[in-house]
Every structure is written in C-alpha cells, then in structure tokens.
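Colleague: Now for the letters of each chain:
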Amino acid sequence: MDLTVDWGQVHALLGENGAGKSTLMNVVYGLVRADEGEIVFDGNPVHIGSPQDAIKLGIGMVHQHFMLIPPLTVAENVILGNEIATGAGVVDQARARARVAELSKKYGLEVDPAARVEDLSVGIQQRVEILKALYRGARLLILDEPTAVLTPQEVRGLFDVVHALVKDGAAIIFITHKLAEVIEVADQITVMRRGKVVATTTPKESNQAELARLMVGRSVLLRVEKGEAKPGAVLLALKELSVQDDRHQLAVDNVSLEVRSGEILGIAGVEGNGQNELVEAIAGLRMPRSGTIRLGGRDITHASTHSTLEAGLGFIPADRHRMGIVLELPVADNLVLSRFDRRPFARWIVRAFDAVRDYAAKMIKTFDIRTQGPDQLAGSLSGGNQQKLVVAREIGTQPKVLLASQPTRGVDVGSIEFIHRRLIEERDNGMGVLLVSSELDEVLSLADRVAVVYRGRVVATFEQKEADRDRIGLLMAGAA
Amino acid sequence: MTDFLSRLDVVGFIIATLVAATPLVLAGMGGVMSERSGVVNIALEGIMLTSAFAGYAAAVATHNLWLGVLVSIVSGMLIAALHAVLSIHFLVDQIVSGTVINILAIGITGSFYRTYIQNSELAGTGVLPALQLNFLPNSPIIGVITIAALLLIPVVHYVLFNTVFGLRTRACGEHPLAAETAGINVYLVRYSNVILSGALAGLGGAYFTLQQIGNFLPNMTGGRGFIALAAMIFGRWTPAGAFLASLLFASADALSGRLQIAGVALPYQILGMLPYVLTIVVVAGVWGRAVAPAADGKPYKKGG
Amino acid sequence: MKLDRAMRARLFAAVVLPLVSVLCGFAVASVAVLLTGSDPLAAFTALFQGAFTNERAFPETLVATVPYIFLGLAVALGFKAGLFNIGAEGQFYLGAIFGVLAGTSLHGLPGIVEIPLALAFGMLGGFIWAAVPGLLKARFGAHEVITTIMLNYVAFQLTDFLINKGPMSDPHSTAPRTQFIDPGAQLPVLLADTRLHLGLILAILAVPVVWFLIERTTIGFRIRTVGFSQGAARAAGISVAWTLVITMGISGALAGLAGADEILGVSHYMPASFSVGYGFDSIAVALLARSNPWAILPSAFLFGAMRNGAAFMQLETQVSSDLISIVQAIVIMFVAAPALVRWIFRLREVPVGGIAITQRETAGVTSET
Chain A
10 MDLTVDWGQV HALLGENGAG KSTLMNVVYG LVRADEGEIV FDGNPVHIGS PQDAIKLGIG
70 MVHQHFMLIP PLTVAENVIL GNEIATGAGV VDQARARARV AELSKKYGLE VDPAARVEDL
130 SVGIQQRVEI LKALYRGARL LILDEPTAVL TPQEVRGLFD VVHALVKDGA AIIFITHKLA
190 EVIEVADQIT VMRRGKVVAT TTPKESNQAE LARLMVGRSV LLRVEKGEAK PGAVLLALKE
250 LSVQDDRHQL AVDNVSLEVR SGEILGIAGV EGNGQNELVE AIAGLRMPRS GTIRLGGRDI
310 THASTHSTLE AGLGFIPADR HRMGIVLELP VADNLVLSRF DRRPFARWIV RAFDAVRDYA
370 AKMIKTFDIR TQGPDQLAGS LSGGNQQKLV VAREIGTQPK VLLASQPTRG VDVGSIEFIH
430 RRLIEERDNG MGVLLVSSEL DEVLSLADRV AVVYRGRVVA TFEQKEADRD RIGLLMAGAA
Chain B
6 MTDFLSRLDV VGFIIATLVA ATPLVLAGMG GVMSERSGVV NIALEGIMLT SAFAGYAAAV
66 ATHNLWLGVL VSIVSGMLIA ALHAVLSIHF LVDQIVSGTV INILAIGITG SFYRTYIQNS
126 ELAGTGVLPA LQLNFLPNSP IIGVITIAAL LLIPVVHYVL FNTVFGLRTR ACGEHPLAAE
186 TAGINVYLVR YSNVILSGAL AGLGGAYFTL QQIGNFLPNM TGGRGFIALA AMIFGRWTPA
246 GAFLASLLFA SADALSGRLQ IAGVALPYQI LGMLPYVLTI VVVAGVWGRA VAPAADGKPY
306 KKGG
Chain C
16 MKLDRAMRAR LFAAVVLPLV SVLCGFAVAS VAVLLTGSDP LAAFTALFQG AFTNERAFPE
76 TLVATVPYIF LGLAVALGFK AGLFNIGAEG QFYLGAIFGV LAGTSLHGLP GIVEIPLALA
136 FGMLGGFIWA AVPGLLKARF GAHEVITTIM LNYVAFQLTD FLINKGPMSD PHSTAPRTQF
196 IDPGAQLPVL LADTRLHLGL ILAILAVPVV WFLIERTTIG FRIRTVGFSQ GAARAAGISV
256 AWTLVITMGI SGALAGLAGA DEILGVSHYM PASFSVGYGF DSIAVALLAR SNPWAILPSA
316 FLFGAMRNGA AFMQLETQVS SDLISIVQAI VIMFVAAPAL VRWIFRLREV PVGGIAITQR
376 ETAGVTSET
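Protein chains in written order, with our numbering: chain A, 10 to 489; chain B, 6 to 309; chain C, 16 to 384.
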C-alpha cells in the first residue's frame, strides 16, 4: 500500500477497527517491522528500525493507549529518553520543568510540569503526550485515535492544537474511524480497508456517506429491518444508581433507567462517560456506591455475578478477549462457561462432556459459528465468530434481560448484521435488551429508546421516533 | 528496666544490629534495583551464597582478602547475568529463573566445597580489617563491608531517584513499552540493573565469609537472601526503606540473643518469625500497603 | 509416518524437551565433576548403583519418590490456576506437624481408623498453611510467591519452636524430636526388610485422582478457567477469589499429605530438621512434568532416584551429593526455556510459540471485592 503525507497538512487515515491503520503507523514509528516496502521521508528513503530512529527523523507518535508512566511527573515523562541532565548524568529537574513550561506555552498546551501524571485527567495526559513528541522535535506527528476518550471540549482543544501545529509547518497523521471528525479536521483523507488503501480524497470532494461506504466496502445497512416494539413489564430497573471507578471517582452519577420486556434500550455516549462502570455494576462485577438494581423483581444491587446471571441476566462484555471468552479453552467449554456446573452439563461435580458437546454442536449451527468443531480452541476463531460464540452463549441461557456492551466491536460486517438481527429477534420474543455502544449509528438503528449519557449522568432519553442524530450528538458532547 | 538496659549494652546492641543488617541491606538494595527495572529477583539468596563461596575461594587461593571481595562482586554479577539472560532474553518466568539460580548455587557451592575446602588444610583466611570505635564504650568494632554498605545506601538512593539512569530504570519497571517508545533500550536497562543487583548482593555474600567468620560453611547464607527480599518489600522498593527494614529485622535477631542471656522467657523463634510475618502483613496491605512497580515480574518483548 | 505440525510441537514439548533437559543437566554436572577433579563416569555409575542396583537401593528410591509425587502434584495443581506455590516445603512441614500430632494422640485403635485420621489431619495442616496465602491473594491481592516464601520460614521457626525443647518435643530424648507415633498409625510396610510403605500405593493412586479433579470435574474446570483468564471467569460468574483459595488449599492439602505420609510411613516421629528440601525440589518435579499429573510419576521417580543415589555417590567417589542440585537446576532451566533449547541445538520451527508452563496471568494481581 502507498501513503503520501505533505508538510503543513492534516492527513486523516480513516478505517474500521482492524483495518490496519495502527499497524501501519507502528511500522512508521519503528515498533513493528515491515515485511517489505520502503519509507521515504523528506525525499530520502529511510530505515526505521526502532522508535529511536523515528524520533531522530522527527517523527512523533501519540498512541491510543497513552505511553506515559503514571508515578512520574509531567516533566520526567516529557524528557524521558532524551533527558536534560548535568554532565554527571543527574537529571536537572529545574531546567526540565522550565523547558516543558516553555513548550506548553508556545503551543497552548497548558499543564503543570511538576504534577504527577497519574493525578491528571485523560485530556491533560494527552497534552503531555503531544508535548513529549514536540520536545523531541517532532515535525511529523501521528495521532492514533486521539478523540476516543476525550470530552467534546477536549476535542475542540485538541483540534486547536492540531491547527496551530500545522500552521507551524508540521505534518499530522490523524488516525480515526469517526467520519465527522475527518471532514472537520483533515486536509487529505486516506481510507483503508483490510490493510489496503481504498481511496485518497479530500473533505471537499467527499462526504460522510461516501466515506462510510469506502470504509466498509459496501453500503451499510444503517437501518436494521425491525417491527414496532411491544414493550411489556419492567424487567430491569436502576434506581438512583451511583458507581465509582477504580480511582474512587464517581463514574455513574444518580442514574435511573428501566428496561422493559420486548424492547431495546440503547445507551449512547462517548466512551469513558461511565458506561463501563454502569455495565459492571449491573453484572455484579462492581459494587455500586448507592442506589438499587432490580432484575425481574429481585434486588440484585449487591448480588455476585453468579447470582445476577442466575436471576436472569445475559451478559455480553465489551472486551471479548479479556472478558468474553477463554482463548485457551475449546469452543464447547466456552459455550457453557456460565453454566458448566449445572445439569445437564454436570452431575454433582463431574462434568458431562457428551451433553456439553451436543449442546455446543446445536449452538454452533444455530448461531452460524464458523469452526472446525466443538473441540477447536476459541482463540483460533476469527473475531466475528468469537463474538457470535459469546452471543450464542448469552442468548442460549434465555435470560430475562440481555446486557450487551459493544456487541459488535471489532467484528466483520457480516457478523454485525447477524448479531443485530439476533438482538431484534430476541426482543420480539420478549427479552429486554440493554445495549451499550459507543457507535451512535448502532444505537440509533437498534434501540427502541435511547438514553444519552454524559459524565456518568443520563442527560436525556428519547423514543426512537424522536431520536434526532444531531441533537443526540450535541447531548453526547455535553451541550445541553 | 534500667538494670535490664544496662545489661543490654545499647551501643553494643546498635552496632551488632548494624553488622547483622549488612548482608540484608546490600542484597535488599540489589533487589530494589532489579525490581525497579521490572525483574523480580528471588535469586538474591543464591547470588549471596555463590559470592560468599567464590570470594572465599579466591582469598584462599591468592592470600588476598581484597581480591576475594572483588571476586565476590564479580561472581555475583555473573550469576545475576544468568538470571538476566534467562528472564530477559529467553523470557523464562522470573520466579522460575530465580529458583534455578538458588538451586544451582547450592549445587555449585556444595560440590566445590567438598572437594576444595572441607578437607583442605587451610583453616580459614582471616577476616577483613575492621574499624575500632574507641570513642564508644567497650570499643566496638565494625567491619569494612558494613561501612561500605552504609556508604552505599545514599549512593544507590540518589542514583535511583535523581539520575538519568534511575529515571530510566523506574520507567522500565512501570511501563516498559512507554519507555521503549521514548527511545529507551529496555533490555539494556534491565540487564544493567539485574547485573548491578548481582554486584550488591555479591558484596553482601562477601560479608559472610570475609568479614563475619573468615571461613565458608555449606548453605551459610541460611535464608538471609529471602529476608533481604522481605526487607526490600517492607521498605517499599526503596534503598532507604530497605535499610530501615533490614535494621528492624536484624535488631529482632540481635535482640533475641540478648533476651536469652538476660533470661527473658520469650522463645527466640517468635522473634525469628517477625521479618516474615511483617512482610506478609505489608504485602497484604493490612497495615500500609506495599505496591510493587507496575511491570515487576512481567517479561518484556519488543513489538509485542 | 508424517506427523503434522501441531503433533510435532506437542511431542517436542512432552517428550523431547524433558529428555534433552535431563541430558543437559547431567552434561553440565559432568563438567562440574571434572572441575572438582573427579571422574564423571565413576560418579554417575555410583549414582546409578546407589539408586537402583545396590542392595535395597531400588525400594529406597521408591521411598524417596513418594513425597515427590504428592508434592509435585501439589505444585502442578497450583500452576493450573496460575498460582506459583513456592510454599510446598512449609506445607509439607505443617502436614508432618499435624500428622505427628494425630499419630501421637491416637492410642490403640486399628490402623484402618488411625491411619486415615492421621493422614487427613496432615492434609488439614497443609490446607490451612496454603489457604492463608490463597485468601490473602484473593482478598488483598498479596502475591502468593512472596507470601508462600515467607510462610516457609515461619513454618521452619514454628517447627523449631514446637520440637526443639518445645511443647511437642519428647521429654525423654536429648535430641530435638517428637515422641514416636502410635504403632496403629504407622503405615504398613509393603516389602519385608525395606522401608517401602503403603504410601507408594497412595501416591500412585493420587495421580489419577488429581488428573480427574483437573480434567473431569467442575472444580478443575473452574481452576483452569481462572488460570487462563480471570476476567472471563469473573464475567461468567465464577468466583475467582473462591477458586484461588480452594486451589491453594487443595495444593497445600496434597503437600500436607506428603508430610503426614512421611511421618507415618518412614520416620514415625518428627525431628526438628524434618525435610531436606523435598518441597523446594518439587517445584522442579512439577516443571519437568509440565504440570501434567501423569508426567509427575516419571518426574518424581527421577528425582527420587537422584536423591537416593546421591548419598552413595558421595560415599563412593567423594563427589558431593549436592551435585544433583546442579542437575535439577539445569533441568528446570531448559524445561522453562524452550527457546534456549532451540538456540543451543539450532532447532527451527518445532515449538509453535512459547510453551506456557505456569499459565500465570500476570504478576500484577487482581482482587475481587
């Protein structure tokens, strides 16, 4: 594949999760070795074998997961690897802090050089990352999904910085899968799909719909075929629920929601606005600070995950590899992961393998999981089939309520359609579905009602008919 | 009480504690450097035992105690380098690698001891010179390795928290990938620190043979490497903390002997358990939690 | 016959790697023997004679194999849940203390009552000593490697306290040891004029039991799932905390069983210096067997033979019995570093990826609250 970036421009690299954007940039930054091809920088072919090489050339990268060391200070993080020190190798803290302060003033990246990184908000941490690159004299700055975890104000601030840098003559590669951002910030756009460049264009010559089509390869069915919802009794009720995150900050703030039988309630919001904590609290993985959770009339506020599942919750976790499946276990074992110790899959404490395998064979067929058989290790399945496995397991228990968190993340389009259809089918059969997704389009096309979260609060709830994309977008961004 | 204290000889007690703490603080600081860079080092025991033996053998062979100290340090570095190669290069689980070294140390020292030392005519090498503190009551003496250890504490502390090397070490122990993207050679930093920890523990090993008794006995370190590990944890992975913890643990040791002499009916084993029980208490966070560097014990693979 | 890639990789891991490791262990030990000025061939011949061909050597090898089987199973079980139980030695001691306590308290009952009681008591001792670190890990995230190391030394001090002029020492003996256990609690001897006792049968039976537990029961499934992925286990409603505690507990119970069995079958009393490192060696036994319960049998047998033969080797050839520690260290090193074997023998393509021995998720520990 070919990619050309010009000085003084923002070049957006657009593509779905797994399209190869980050891998490509890791090659440019020397973290991953290319199998073949060459990199030409400033007219000269260059070899980039390590981040040191990249830094020397003036390439800086802000990773999606920040490369900061939490217990160290801002100044220490910035100078790390290229330290300001005396001849004897002693770090000169005073000069380092002064230098950081000077840089942050020049580019409008306000930050306290003496603060510890672990005490800073995500938006400020990103500034530290950009400062790190600038300190090393980066002229080409790679930003990998920089807005994924930012609030709208922070995104604005970031765009201002990006524009200032470009004006200064730098080049920016802006990796994203968000169409609106691309149109707003980019001068040039390169669209990638499955490791290949499928188009190079500009915001003026293109529009969001076209970019979306290029990204996924065929017209996306933004509207899923579905009938009218027939909501029944309340199955899941959250009342004044508050939940803390790992750092004991309030992540879910006084949330009250109800999910009825036969409806899909979608939670829309920028990632990091309390969705994970909300999901974990419902699933019994995190104890709420206050409020109540009732499932089918039972109070499960302080119930363990085991009792919560027992009470009738199906749970599709957001992180498939870490929470959804056990990569090292066979497909069959994964399909009974939450019920392996119950009849017919076990008698007393002895597992009944025949029953497990029969059940697995049935589910593999019903859910169209492409596998060599029940004994294949789940880790060797494709992402889409792994996710279908999770969905099969959780729907297979016939729960009262299905809690689906990012149910189609990193999954191929075919599997997405399959999973969407299954969710609607289960809704029609009377299941209550709580869908949490950072893909607004997914929420809008599936949900019968949409709740918008911002900073841990539900800021608005809409019926599907009234749900207006732009209005919800504004709410997600914190604009009332 | 005053009667007891006078019999206890406070100055003598403090000096005895300092001396007994010597191998603990040296190996403990070694552990700090290694683990701060992200490599768990339960091999301190084996390193000290090997160094105690090698230093002694060299001193016997050359009739030069100082050369013996040097050989102790170098052999400590070599054994630590094996730990580094296994755990950093070959990605062996760091606990397994440390276990290998501890077992290997028993095998090597035991085998060579039997052949070359046990039946030899030589009755020891004598011990390194010591400083006699004439200005104190009873003129206690304090050995050179103890003095060296006391001098090294501020040095190691300063290196870890004020120098470029120390900054990079801590970065590699917390988040090696971040260090790598900042242009730091994580392997180099980890190798340096593990080998440095071998030098410190090696000097600790020399204490047993060349300062304490002037002879080698099989398995003479007797688990002191694990107490050093405990001191490192109890001291929250800092050199100064490891020193204070070493003093606490060594004083328990020194106290138990004196209590017996003083006729106090406290079983000495209870004080002997103290370092281990206290360490369990702090790793469990029951009283002031000790948190290891975030990447401690995790092998780092480039591009992974 | 042409073996496919996956099959070859498994064959390499299960057979070739352990064999090569043992051979390398002896090769390195030979160098050490040469350096001490002795003849390796003579040394290893004596080792072999001492382990197998001398009078009563073979039964004695089996006697030494028994604790290795129990302890190897104990450490291997921990590995399955991602737990590194370095504390088998301490649990071995506690099993012996509890076993001797039962054995000296019981009087005049038939063996069929006293033996199971005393063994069960030993298991209880090991269970408690191991469940504590399990609990500390589950509740507070305290790393089990640190806590089990520390508990080993607490166990040594405790033993010394109890037996060296302490509450459990034999008032009629000058040596630091306990009284003899009741004759009814002694394990029957299998072979006349040897020390080979019923414990061998028990140890061999323990292998399929542990295998069944790991592979066929819901408890074993929990253990393995937690070992592979604590996150997925938790999301599926498996209590990680409970699993960690119970795994450590069962592991400790097996180690405790080894301790009680050693008292009931071999010494019939407990000396202050009870173990000579059986528990530490068992880490190597489990690693060599790559945590496979069946493979524990040959692995334990090898270690039993080395331990038993070493004494005769030292007597015959003046080569220190500590030499076998070199063999052990090298064996673990190679088993744990397949990359090293490949590098030395310039093997290509054989093992696919690394070989996970411990299934440890990470050193950073998670606690469930």
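Think of the hints as simulated: they come from the structure by calculation, not from any bench. Please note that the accuracy of each hint is not assured.
[Said to hold, decoys possible] Facing chain C, according to a computed beta carbon distance under 10 Å, are these residues of chain A, among others:
no.: 1; residue: Phe-50
no.: 2; residue: Arg-165
no.: 3; residue: Phe-168
no.: 4; residue: Ala-292
no.: 5; residue: Gly-293
no.: 6; residue: Asp-328
no.: 7; residue: Val-335
no.: 8; residue: Leu-338
no.: 9; residue: Asn-343
no.: 10; residue: Leu-346
no.: 11; residue: Ala-355
Ideal Cβ placement from N, Cα and C applies to all residues, glycine included.
Colleague: Take the hints in turn and mark each one as holding or not.
Modeller: Quick rundown of the hints versus the structure:
1. At a threshold of 10 Å, the smallest CB-CB gap from A:Phe-50 to chain C is about 34 Å, leaving the interface hint violated.
2. A distance limit of 10 Å between C-beta atoms decides the matter here; for A:Arg-165 the minimum to chain C is near 35 Å, and the interface restraint is violated.
3. For A:Phe-168, the shortest C-beta to C-beta distance to chain C is roughly 35 Å, which exceeds 10 Å, and the interface hint is violated.
4. A cut of 10 Å between beta carbons decides the hint on A:Ala-292: the least distance to chain C is about 7 Å, and the hint holds.
5. The interface hint given for A:Gly-293 is met, as the beta carbon of that residue sits about 8 Å from the closest beta carbon of chain C, less than 10 Å.
6. About 7 Å separates the beta-carbon of A:Asp-328 from the nearest beta-carbon of chain C, less than 10 Å, and the hint is met.
7. Because the closest C-beta pair between A:Val-335 and chain C is about 5 Å apart, less than 10 Å, the hint holds.
8. Because the smallest distance between the Cβ of A:Leu-338 and any Cβ of chain C comes to about 6 Å, under 10 Å, the interface hint for this residue holds.
9. Against a cut-off of 10 Å between C-beta atoms, the interface hint on A:Asn-343 holds, since the closest Cβ of chain C lies about 8 Å away.
10. Taking 10 Å as the C-beta contact cut-off toward chain C, the hint placing A:Leu-346 at the interface holds, the least distance being around 4 Å.
11. The beta carbon of A:Ala-355 comes within 5 Å of a beta carbon in chain C, closer than 10 Å, and the hint placing it at the interface holds.
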